[in-house]
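First to last, the protein sequences are chains A and B.
Numbering of the first sequence is given in our numbering, commencing with residue 1 and proceeding in unit increments.
Numbering of the second sequence is given in our numbering, commencing with residue 1 and proceeding in unit increments.
By construction, these hints were calculated from the structure, which means they are not laboratory data.
Note that CB positions come from ideal geometry on N, CA and C, so glycine has one too.
You can trust all of the hints, since none of them are fake.
What the simulated footprint calls covered on chain A by chain B, stretch by stretch (three residues with Cβ under 8 Å from a Cβ of chain B suffice, anywhere in the stretch; the number is not a length): (1) 34–42; (2) 78–90; (3) 111–118.
Sample of chain A residues with no beta-carbon within 10 Å of chain B, all distances over it, derived: (4) Ala61; (5) Ile63; (6) Asn66; (7) Thr68; (8) Ala71; (9) Leu159.
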Amino acid sequence: MLFFYAGTALLLLFSFIKDRRKSKQALIIAWKRFVRIAPDFILVLILMSLILAFLPNQVIAAILGNGTKWASVIAAALIGSVTLMPGFVAFPLCGILLKQGVSYMVLSAFTTTLMMVGVLTFPVERAYFGTRATLLRNALSLVTALLVAVATGLFFGELG
Amino acid sequence: MKLAAAALFLLFLGVSFIAGFQPGLETGRNFSLFTLDMLKILPCAFILIGLFEVWVKKETVEKHLGEGSLFMGYVWAFILAGTTVGGLYVAFPVSYSLYRKGAKLSVIFTYISASAVFRVPMAVFEASFMGLKFTAIRFLVSLPLILFSSILLGRYLKKRHYRIEDGENSLKKEKNR
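Next comes chain A alone, as it looks inside the complex (with noise of 0.2 Å):
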């Protein structure tokens, strides 16, 4: 992180001594983008705080952890998709659930589509993208995502 703003402000330093004229339309840019997308932020902020308060950790280990393989492997894909953690909220959960016994496969589907599919995110997406390139993109993570569970289920030994 640390390493992160040093690089940005070493690049910042020598634009600046290299065209002080081309460093202020950069940061104009930078500012610009930011300001114009930054409500779709925003709003992204807020359903997200409010879909983790309203489905706690242990709401989501109970839907996990029962019912049938294919089941767990499709309802943690569905929550995957719908709902949206930062990865340092998302893996030690992950880990926790993986030591009450929830299969690797349904944690694989869990994690990728958390990443990969973002029904939440549909509005920063779609801001830069439209609506048909957003929906496809998400149709195919999510396909993806469900294959990629499948393969993790093969290499562990649990479609067996």
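Once you have looked at the hints, place chain B on chain A.
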């Protein structure tokens, strides 16, 4: 619409605070935590995007990530994704910049999907909780699938003369309504 949603949300937080409504308080905690987390990353990310816009030549992007690039365009997409900080919310504005500089659609979609799965710092974190085998399988299996589906999506959208400006237009249309 968005303003109304934000106002409603603030009202909800306020009422929860006064009434001591637990899920509401939890929502407030989440919101401030996630907002702070995002604010740690976004300023730098957008400054880098700004610098990219003024310094990197269109021809350079076109050559390495554009229609002329064959295999290497995808390799670059994966490398770029691996080093992307944050998540999709950084990947979207970055890919928008790349597209405007002439990167082709299939490379853009590869980058977006890959940055959801392949970020290096996140992978280290994931492996520490889930084990290396889990992470390795997830990566190795999703890599070809991401490539395949991105090329498919890129081809389909190109055939329909899709442009990313379509996205911006839909944003404007919504505002005019």
